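A.B. asks: What follows is the residue order along each chain.
2 protein chains.
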Amino acid sequence: MTEIKTVTAAMIIIGDEILSGRTRDANLNHLSLWLNRMGVQLKEVRVIPDDAITIQNTVNELRVQFDYVFTTGGIGPTHDDITAKNIAKAFGVNFVQSPEALELLNKHYGKEGVSDARLRMTMIPEGATLIKNPVSSAPGFQMENVFVMAGIPVVMQSMLLDLEMRIFGGDKMLSKAVHVFEGESYFADILEDVEKTFPNVSLGSYPFFRNKKYGASFVLRSQIERELDLALAMLVLKIKVMGKECFEGEAAL
Amino acid sequence: MTEIKTVTAAMIIIGDEILSGRTRDANLNHLSLWLNRMGVQLKEVRVIPDDAITIQNTVNELRVQFDYVFTTGGIGPTHDDITAKNIAKAFGVNFVQSPEALELLNKHYGKEGVSDARLRMTMIPEGATLIKNPVSSAPGFQMENVFVMAGIPVVMQSMLLDLEMRIFGGDKMLSKAVHVFEGESYFADILEDVEKTFPNVSLGSYPFFRNKKYGASFVLRSQIERELDLALAMLVLKIKVMGKECFEGEAAL
Chain Z
1 MTEIKTVTAA
11 MIIIGDEILS
21 GRTRDANLNH
31 LSLWLNRMGV
41 QLKEVRVIPD
51 DAITIQNTVN
61 ELRVQFDYVF
71 TTGGIGPTHD
81 DITAKNIAKA
91 FGVNFVQSPE
101 ALELLNKHYG
111 KEGVSDARLR
121 MTMIPEGATL
131 IKNPVSSAPG
141 FQMENVFVMA
151 GIPVVMQSML
161 LDLEMRIFGG
171 DKMLSKAVHV
181 FEGESYFADI
191 LEDVEKTFPN
201 VSLGSYPFFR
211 NKKYGASFVL
221 RSQIERELDL
231 ALAMLVLKIK
241 VMGKECFEGE
251 AAL
Chain P
1 MTEIKTVTAA
11 MIIIGDEILS
21 GRTRDANLNH
31 LSLWLNRMGV
41 QLKEVRVIPD
51 DAITIQNTVN
61 ELRVQFDYVF
71 TTGGIGPTHD
81 DITAKNIAKA
91 FGVNFVQSPE
101 ALELLNKHYG
111 KEGVSDARLR
121 MTMIPEGATL
131 IKNPVSSAPG
141 FQMENVFVMA
151 GIPVVMQSML
161 LDLEMRIFGG
171 DKMLSKAVHV
181 FEGESYFADI
191 LEDVEKTFPN
201 VSLGSYPFFR
211 NKKYGASFVL
221 RSQIERELDL
231 ALAMLVLKIK
241 VMGKECFEGE
251 AAL
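If you read the sequences in order, they're chains Z and P.
Sequential numbering of the first sequence, starting at 1, is according to the numbering used here.
Sequential numbering of the second sequence, starting at 1, is according to the numbering used here.
None of these hints come from the bench; they were simulated from the model.
Computed from a predicted structure; not experimentally measured.
Fair warning: there could be bad hints in the mix.
Which copy? The list can't say, so a pair holds if one copy fits it or any two copies do.
Computed list of lysine-lysine pairs in DSS-like fashion (alpha-carbon distance at most 27 Å, straight line) [unchecked claim]: (1) K196 - K85; (2) K172 - K132; (3) K238 - K132; (4) K107 - K5.
Chain Z with its partners taken away, still in its complex shape (with noise of 0.2 Å):
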């Protein structure tokens, strides 16, 4: 029996502007892929609004449920972020200035500029350490397992950086696909027999129609290279018996 060593993360969106439609996040899909370089798998993610006790609610239920969180959104200087202070009430804890936020403040400010809004941005729960921001020196911070991020996507990009020391990963999840230029349906039974046999492999089958014609991407998962590549070749072999065509395409998770 192989071991393996899985590692993973839920992620909360906080901001009204993403529900209601006016934003459309661009954060998800580079946490995610970034995480996998990392060895850790983003289970769930969250979108809610700024609301005082659903950003509490959530953050204390997936901070036990998952290795790591991390949020983005709502550290900003105005009324309306208000992550920081209610990450501070999930755990309980003082809501203090961080000494060394508000030195990285006034270096990038200048005494004169930071104002009392900007002092908003130096508080963090007592016992957080500061996540570095390149973009725009405001920090975020990490509390125990979760980690707080900015919610415009080149800071919280930057801010990613710093946390690739702190982040322990697993074994990675590995991901080849195939695909067909025929509908999905004519190939469920195969790829059911294919999951089947390989119980440490997830097999995905995602339809497209392409040049006007449909298709279907079949994207095999495992964090054990020898069961991918088995399961890969038992597949390919299957859909050349049916007296199929199918292309073997880059990686993609």
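Here the structure of chain Z is known, so what remains is to put chain P in place on it, guided by the hints.
C.D. replies: Frame of chain Z, contents of chain P only:
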């Protein structure tokens, strides 16, 4: 005291491919804007894997919390399409063939074209009613306040046409926007003032960086038009009193 009728919804995006980063969800934004036109506010979104227990628990948790629940994904013909079966389990009802769905597929594919795999798409929870699919005929379904739709955006969008007569909205969320070309933090105090003055208006501040300039959009949202207009007028006035310029933009949710 003005009476406001608020109708709420949650969305469940079901699919390993969204969590793995393979596919970017395109349905959240579309559904959100559609719901708003229907007078329904999207209050929570969850992205979950193709996992039986997770689907059942999530559906049961959200269908009692919100007026409507919409799911996307997992209703195709292959082994990984497990949404319909688990909605039946969530409701504790049998999973049965819909003669109406069978007829639709027979018409679309011809009797010989309806393979065992495609027959999967005729199975629905007992008591559910179908949702028409004008694109590829395999229907979605409604079970009480839960609407189960396809994941492919063009199909999902086409299914919404059939729901316009089944959704009963409340007072629509209205919105107006004011844009400034300076950092949002300068305006933090007046934003907070305006929000406090109008308890039925929420005010979001969304910074941007455009043409090498910092700026921010202030978005006012309310279900009461009169209060929205007053709040907008007060915000614009306060910005002018500060000696700053601002631009009223088109309504943006």
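A.B. asks: Next, verify each hint and record whether it holds.
C.D. replies: Structure-based check of each hint:
1. K196 - K85: The answer is between: 19 Å across copies meets 27 Å, while 48 Å in one copy does not.
2. K172 - K132: within (26 Å within a copy, 40 Å between copies)
3. K238 - K132: neither (50 Å within a copy, 34 Å between copies)
4. K107 - K5: neither (42 Å within a copy, 49 Å between copies)
The structure is inconsistent with the numbered hints 3 and 4, although it conforms to all the rest.
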